[in-house]
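So the protein lines, in turn, are chains R and C. My numbering applies: residue 1 is where the first sequence begins, and numbers increase by one. My numbering applies: residue 276 is where the second sequence begins, and numbers increase by one.
Any given hint could turn out to be false.
[To be verified] Derived list of chain R stretches under chain C, where covered just means 3 residues or more per stretch with a C-beta under 8 Å from a C-beta of chain C:
(1) 177 to 184
(2) 200 to 206
(3) 221 to 234
Just so you know, these hints were derived from the structure itself, not from any lab. Just so it is clear, CB atoms sit at the ideal spot from N, CA and C, and this is done for glycine as well.
Given next are the chains, with one letter for each unit.
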Amino acid sequence: MEKGKVRTFFTYVDERYALVRAHPAVKIVSLVVLNVIPWIIEAPVPLASFLTSLLLAAALLKAPLSKLRNYLPYLLLVAQAVVLSYVLGSRIPGNAVYIEFPWGCYVTDRTLLYMASVMLRISSMLVGSTLIFLSLRDTDVVYGLKSLGVPFAAAFAFNLALRFSALFLDDYARVRDAMLLKGAKLDAGNPLERAKLLSRTAVPLMVIAVRRMQDLSFALELKSFPPSGKRTYLHQFRWSRFDVAALALLAATTAGVVVAKMVSPLLSFPGWPFA
Amino acid sequence: MSAVRVKDLWWRYHTSREWILKGVDFEVERGEFVGIVGPSGAGKTTLCLLVAGVLSKSVKGECKGRVELFGKDALRTGVRQLSEEVAIVLQDADTQFVTMRVLEEVAFPLENLGLSREEILERVSEALEFVGMKGYEWKHPHELSGGQKQRVAIAAALAKRPRLLILDEATSDLDPLGKREVLSVVSRLRKEYEVTVMIVDHNTDDLVKFVDRVIVLEGGRVAAFGEPRAIFSRIEQLRTIGIRIPQPTEVAFKLGAANGGLPLTVEEAAKALAPLKERLCLLNGDAYESPSGCERLVSFTDVTYVYEDGTVALDGLSLNIRKGEFLAVIGPNGSGKTTMAKLMVSLIKPTSGRVEVMGADTRAVSPTMLFSKVGYVFQNPDYQLVCDTVYDEVAFPLRQLGLDEEEVRERVQWALASVGLTGLEETPPFFLSKGERQRLALAIVLAVKPQLLIVDEPTTGQDERNSRRIAELLAQLNKAGVTIVVITHDLRLVSEYAERVVVLNNGRLVTEGSTRKVFTEHLETLASIGLEPPPVTRLMKELVGRPALTVREVVLCERA
Numbered sequence: 001m002e003k004g005k006v007r008t009f010f011t012y013v014d015e016r017y018a019l020v021r022a023h024p025a026v027k028i029v030s031l032v033v034l035n036v037i038p039w040i041i042e043a044p045v046p047l048a049s050f051l052t053s054l055l056l057a058a059a060l061l062k063a064p065l066s067k068l069r070n071y072l073p074y075l076l077l078v079a080q081a082v083v084l085s086y087v088l089g090s091r092i093p094g095n096a097v098y099i100e101f102p103w104g105c106y107v108t109d110r111t112l113l114y115m116a117s118v119m120l121r122i123s124s125m126l127v128g129s130t131l132i133f134l135s136l137r138d139t140d141v142v143y144g145l146k147s148l149g150v151p152f153a154a155a156f157a158f159n160l161a162l163r164f165s166a167l168f169l170d171d172y173a174r175v176r177d178a179m180l181l182k183g184a185k186l187d188a189g190n191p192l193e194r195a196k197l198l199s200r201t202a203v204p205l206m207v208i209a210v211r212r213m214q215d216l217s218f219a220l221e222l223k224s225f226p227p228s229g230k231r232t233y234l235h236q237f238r239w240s241r242f243d244v245a246a247l248a249l250l251a252a253t254t255a256g257v258v259v260a261k262m263v264s265p266l267l268s269f270p271g272w273p274f275a
Numbered sequence: 276m277s278a279v280r281v282k283d284l285w286w287r288y289h290t291s292r293e294w295i296l297k298g299v300d301f302e303v304e305r306g307e308f309v310g311i312v313g314p315s316g317a318g319k320t321t322l323c324l325l326v327a328g329v330l331s332k333s334v335k336g337e338c339k340g341r342v343e344l345f346g347k348d349a350l351r352t353g354v355r356q357l358s359e360e361v362a363i364v365l366q367d368a369d370t371q372f373v374t375m376r377v378l379e380e381v382a383f384p385l386e387n388l389g390l391s392r393e394e395i396l397e398r399v400s401e402a403l404e405f406v407g408m409k410g411y412e413w414k415h416p417h418e419l420s421g422g423q424k425q426r427v428a429i430a431a432a433l434a435k436r437p438r439l440l441i442l443d444e445a446t447s448d449l450d451p452l453g454k455r456e457v458l459s460v461v462s463r464l465r466k467e468y469e470v471t472v473m474i475v476d477h478n479t480d481d482l483v484k485f486v487d488r489v490i491v492l493e494g495g496r497v498a499a500f501g502e503p504r505a506i507f508s509r510i511e512q513l514r515t516i517g518i519r520i521p522q523p524t525e526v527a528f529k530l531g532a533a534n535g536g537l538p539l540t541v542e543e544a545a546k547a548l549a550p551l552k553e554r555l556c557l558l559n560g561d562a563y564e565s566p567s568g569c570e571r572l573v574s575f576t577d578v579t580y581v582y583e584d585g586t587v588a589l590d591g592l593s594l595n596i597r598k599g600e601f602l603a604v605i606g607p608n609g610s611g612k613t614t615m616a617k618l619m620v621s622l623i624k625p626t627s628g629r630v631e632v633m634g635a636d637t638r639a640v641s642p643t644m645l646f647s648k649v650g651y652v653f654q655n656p657d658y659q660l661v662c663d664t665v666y667d668e669v670a671f672p673l674r675q676l677g678l679d680e681e682e683v684r685e686r687v688q689w690a691l692a693s694v695g696l697t698g699l700e701e702t703p704p705f706f707l708s709k710g711e712r713q714r715l716a717l718a719i720v721l722a723v724k725p726q727l728l729i730v731d732e733p734t735t736g737q738d739e740r741n742s743r744r745i746a747e748l749l750a751q752l753n754k755a756g757v758t759i760v761v762i763t764h765d766l767r768l769v770s771e772y773a774e775r776v777v778v779l780n781n782g783r784l785v786t787e788g789s790t791r792k793v794f795t796e797h798l799e800t801l802a803s804i805g806l807e808p809p810p811v812t813r814l815m816k817e818l819v820g821r822p823a824l825t826v827r828e829v830v831l832c833e834r835a
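Given only the sequences and the hints, what does the whole structure look like? Please build it.
Pasting the structure below:
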């Protein structure tokens, strides 16, 4: 491992990324807040401002922004689906109609704004969640959820799901490699054929996962899980000034957004008073 | 009072009419170290899980008989209560890692038991020290080798201070050094803490050095139970069952040197064979010449490969593989063997340097372009099985090649016959046993008729019969002109079948040459990286000054 790198759930990140050192509760609360705010905001301009602020804050905290590039293909896939569904299947009235289809759907100025809103909302959630997940370790999930009042068994189950999703990704990569070595053209050719070939990976993945789950249940039981009596905890996390400030900022932002949504039309669609 | 008492134990899964265990009876004394051997499907894992008290409560099935664990009825006492007495380490180290750092993994059961933070820290530190993993507290499972992961699993078990430790093929994925390390840790554990140990392992060469008694399971029954010397004297019976005989025992048996019982270790065999020393001679079997004139199939030129996390898997490797060779790649866990194989099939591209396969630079070709020439059989066959029937599985790559159905049928039948799976064409692949799935994975690759066949750990976790079957098949293919590259920790397989050996360590080429040369002239180099040639090699070196590669060589020489 390179010096100065910390292993989190899915990757290695620079230990200078401030969120890595944050209290687990801060990470869990951030994850919730960054996924709730885009649902409260409706209008495209405030959503774009929120996304920009998020990226700026991430840069200030020395987040590994370059890792976001790995998620671009997924974002593009989602964007493609959003564009297609809005263009071909929506009937949103607006000030100007740009295209009309024989099946009764049409594209107006409002359609484009709605489309932009949805894409910005998804982008904000994806970017926000990724930035938090890049800093997340298993102890964070367990201790974070526990400090928010979630029972240990439930917090640990959530943590296990994440732990095993990392193993599942490893398994998927191996099955995919095996398919390539059997001549399956997974990277070229007809998308339908490729999807059909990829669907075959479900068979070994399912079998391997079931076997793993069985072994895991034996291993957990023999590790005295779930605990029957009072459970103790190895780690003790202390609240730093950064943690308190981060929580205060998250609370203030959430409250601000809720209040703004209630008292002003700025955050509601389409987001400007002249609409 | 005994530690474990099993009385007339029967078990079958609710999905099966067949009993897996059929009236098993045995008793293990406190502080005893007991080995369990038997062919695949003999019921070893089922027995371990029943003794640990988990199977009957977690899986639907029918159970008859009695299991007592330190006087408690293990079949009826809660797992939570039993878990304080017994710990189990399974084969798949990854599955057992329920947290993401060594420290937390070892502490996890202690936290569940509600121990104080101070006591947890003390026990974790002690357990890690004991297994030689102190200093690794903050490591992630990805950063540990297979051997290290298993040692962490043992530390987690040990920290609970159990009275019974069960290792179910926990060492089968480990390199020889890792295996020896784990066995000596367990042996020390038993001596210092009086822990009772039960261990399942196919590798009897190592097992006999540590265990007090051996249970031989066959078809769900105890075929034999006793001291290793008594058990391994029943050579013919064990061979019929399909159990690997320790090489020193085999040599002594063949030479008729069984005065006062057959020897189990190299040291014992050296003593037992000393009177025959003058008559011992070895057949010089080194007819192998490096085929320097033959066509070069693969070449590595100053190849370095660095993984995303910065791990240098290969570091300046230069090597040629020639047509028709049977090459073994050996080295400790994490030495770069599998990376080397992945580079040969273009699954990964070198970070620097050049890999050429049949004249093509692998940077310029995809795995799908190479698959008809280079076959790769994974260590775990399950990753390769994606179809509904055995027939479709073998036909899959052939259909990708665009062959007509008549030729597909012919090749499928030929490949299945080659691996002994004829008649199972319509069976779903996951209904096959592990040994059969391994052979099916081989058939999938064979059907394509590649010029180069790379096989990753073909005998890991396989019983003696399956291991030999696979090795014989590889030898036959090699005779038919297929170049074989086998990645393995099984040095008995290497010495019996491979013509040439490449030794890797830390991504670098340590040495290479004919198997005899490497196992004869480079013993110190091998020892420095924890590799030990098979017992017969060391035994003959000690007795006649020259190593033998196989038991057959010794016997032939004696008769000659």
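Tested hints:
| no. | hint | result |
| --- | --- | --- |
| 1 | 177 to 184 | holds (count 8) |
| 2 | 200 to 206 | holds (count 4) |
| 3 | 221 to 234 | holds (count 14) |
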